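**Q** Spelled out from the first residue to the last, the chains are:
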Amino acid sequence: MEESGNKFGRREILKGLATVPVLGFFAYGWYRRQRYDSYLKKSIYQEVNLDAENPVVLRKVSKEKQIRLGIIGTGSRGRALLKGAGFLQAEIIDQWIEDASENSNDKRYEEYLDQEDLNVVLNGVCDIYDVNVEKGLNAGANVDRLPSAGVKGTRAKRYRTYQELIAADDIDAVIIATPDHWHGPMTIEAAKAGKHVYCEKPLTWTVGETYEVRKVIKENEIVFQLGHQNRQTDSYFKAQKAFEEGVLGKVNLVEVTTNRNNPIGAWVYPIDEEANENNIDWEQFIGPAPWHDFSLERFFRWRCWWDYSTGLSGDLFTHEYDAMNQILNLGIPHSAASSGGIYYYKDGRTVPDVLHQVFEYPDIDLTLMYSATLASEKDRGKIIMGHDGYMEVGNNLKIYADRGSTRYKEKIEEGVINPDIPIFSFTPGMDHVDAITSPTEAYFAGRGLLYTYRGGKRVDTTHLHIKDWLDCIRGGGEPSCGIDAAFEEAMTAHMGTIAYLEKRKVFWDKENEQII
Amino acid sequence: MKNKSQIFWLVTLRVVIGWHFLYEGVVKLANPNWSSAGYLLDSAGFLKEFFYWLASDPAMLNTVDFMNVWGLIAIGLGLILGLLTKPALWAGIILLAFYYLSHPPLVGISYGLPMEGSYLLVNKTLIELIAMIVLMYFPTGMAIGIDSLIFKRAKKI
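So the sequences go chain by chain: A and B.
Those letters in the first sequence? Residues 150 to 665, per my numbering, in order.
Those letters in the second sequence? Residues 1374 to 1530, per my numbering, in order.
It is possible that part of the hints are untrue.
[As the list claims (entries may be wrong)] DMTMM-like mimics (lysine to aspartate or glutamate), calculated; alpha carbons at most 20 Å apart, straight line: (1) A/K191 to A/D569; (2) B/K1421 to A/D255; (3) B/K1525 to A/E509; (4) B/K1421 to A/E358; (5) A/K364 to A/E404; (6) A/K364 to A/E338; (7) A/K256 to B/D1430; (8) A/K256 to A/E213; (9) A/K232 to A/E358; (10) A/K341 to A/D569; (11) A/K495 to A/E446; (12) A/K547 to A/E422; (13) A/K232 to A/D186; (14) B/K1377 to A/E161; (15) A/K256 to A/D266; (16) B/K1401 to A/E526; (17) A/K341 to A/E358.
Bear in mind the hints are in silico, worked out from the structure with no lab data behind them.
The model shown is predicted, which means the values in this text are computed figures rather than measured ones.
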């Protein structure tokens, strides 16, 4: 064989290139695999007519006219709503900047700066606790979203009573974030004064006031939004579409849950050291509730007493219910049964910490089950079960084919659909690495209550929900959780509570709109 | 390396490891949503802070992703073709060492990402790594591979 110069013998060349055919074999294997994968995908997409595109079309409404806001209740939830509207205390921004300097995944300030300017001004703040008032006023003045060192805008006026705030001429719209027992009376007063209302959930504390609230809102033609910000979550829109497309087949059972296991989750909030009888207007706190002597515990942890609260049914079930009402358009159930007790937090509370409620919808052949515990974090999710498939709904959406499905029977037999692997999954903003901190925050985030994604960016759902309300004030239309949805929410929650308290099954008389 | 069976099996070992690298690289390249972030953030062991740091900055993460994907592909091609076999082996060993050290199968550590077997200290990554070290001592590219054409004059085996 020739081995000199640049020439190679045939044998050498063969040896040198002997493994090249492996690449051809690799390419063929890759092609086969790709073809098989795309066949699987196509076959599934033919069945499940959904794509992974973001389903939300942003509405364009001119923001030219400034809306003048007032807020009643600037506790932690009220301040979260102010943040959604574009008003955040400088101290929090300071903290965020410090945290971000230590952890570059912490994008809270960056995201807040990206939050759309809604062209609103905060003209009035009403709270019965001086410390909260101060925080609310500081937030409202921070119009440029700056840290403490920055320049501030003018501070809103403080109102001692909500009636005065509502009556103010320089306020067009009111945000209500008070304890439950005040939602109804304040909404009624505001609607009568022709002020638009954004009210925290649940709509009402008693059944009776629910009718009145709906009546005055409709009569006065104000724009009303109930604070179920889950209405802005991408995956819920997707879930709704999937349900409407019949991907799940006939749905007979829906299971929703609350699974919390920490004092904050159980409403045992810290009591401010600086709080006392002199800086809390106790009489106004009591309002329509039965009289009780001054109690810091009751003031800060009001959710634990029926006197001011609607318990698990009004406070946490309503989140789950409204999400299902959004996806499945459930309406008010035919009947409700309920049981539970105070099993873990024997701290003097009157509302249960373990609760189960079963709602029947015979008209649509469906049962809605709610099961809650405040003493276990085992995540039981939110599951919509149909004959052909089931859906797990959270910030992500997963749809699985059911092994016994009629619709997918052939595809399952062919091996195209594997019941253990989702036939559709939707993860908004998938590329993103989050920096959500506490377990309670993670709980809310998983329920679409903290963030969702628009155009690949993480956005606060509360902000979107407030924006939706303001868009309707400016451009007309019904907000995504308007008074009819709110009425359904309140009545359903009340039915559950009455069934629990009276230890009986209660019914909804559709014709007369009465709980019997 | 006189024995033909020895050469045959050593080359086969090189080619299948190359195939594995190439496929891992091509799969990641074909998936637009792939990122090493999840893997890095799932790290444990004494180097975990380093791997977290790699994932902490988007620009850095992009570089890591790019180097990983194209590194895998280049190493895979090198091993299959016997082209620059030694540098490919070196690069592969370093890469595998990173994988191993980011997810060491130590007692008392569990990972979020699924693993396909049960391991104690020794896992498949480590075995593949050591197989590549073995290949370093047998320059198979000079027997079967393009290296034999390039470096023919330099050294004969």
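**Q** Please go over all the hints and tell whether each is borne out by the structure.
**A** Right, here's what the structure says about each hint:
1. A/K191 to A/D569: Within the cut-off at roughly 18 Å; holds.
2. B/K1421 to A/D255: Holds, at about 19 Å.
3. B/K1525 to A/E509: With a Cα-Cα distance of about 82 Å, the restraint between B/K1525 and A/E509 is violated, given a limit of 20 Å.
4. B/K1421 to A/E358: violated, 57 Å
5. A/K364 to A/E404: violated, 32 Å
6. A/K364 to A/E338: Holds, at roughly 12 Å.
7. A/K256 to B/D1430: Holds - the C-alpha atoms of B/D1430 and A/K256 are around 12 Å apart, at most 20 Å.
8. A/K256 to A/E213: Outside the cut-off at roughly 29 Å; violated.
9. A/K232 to A/E358: violated, 29 Å
10. A/K341 to A/D569: violated, 55 Å
11. A/K495 to A/E446: Cα-Cα ~14 Å, so holds.
12. A/K547 to A/E422: With a Cα-Cα distance of about 45 Å, the restraint between A/K547 and A/E422 is violated, given a limit of 20 Å.
13. A/K232 to A/D186: Violated. A/K232 to A/D186 sits at ~45 Å, over the 20 Å cutoff.
14. B/K1377 to A/E161: holds, 15 Å
15. A/K256 to A/D266: OK: A/K256 and A/D266 at ~18 Å, within 20 Å.
16. B/K1401 to A/E526: Violated, at about 35 Å.
17. A/K341 to A/E358: holds, 14 Å
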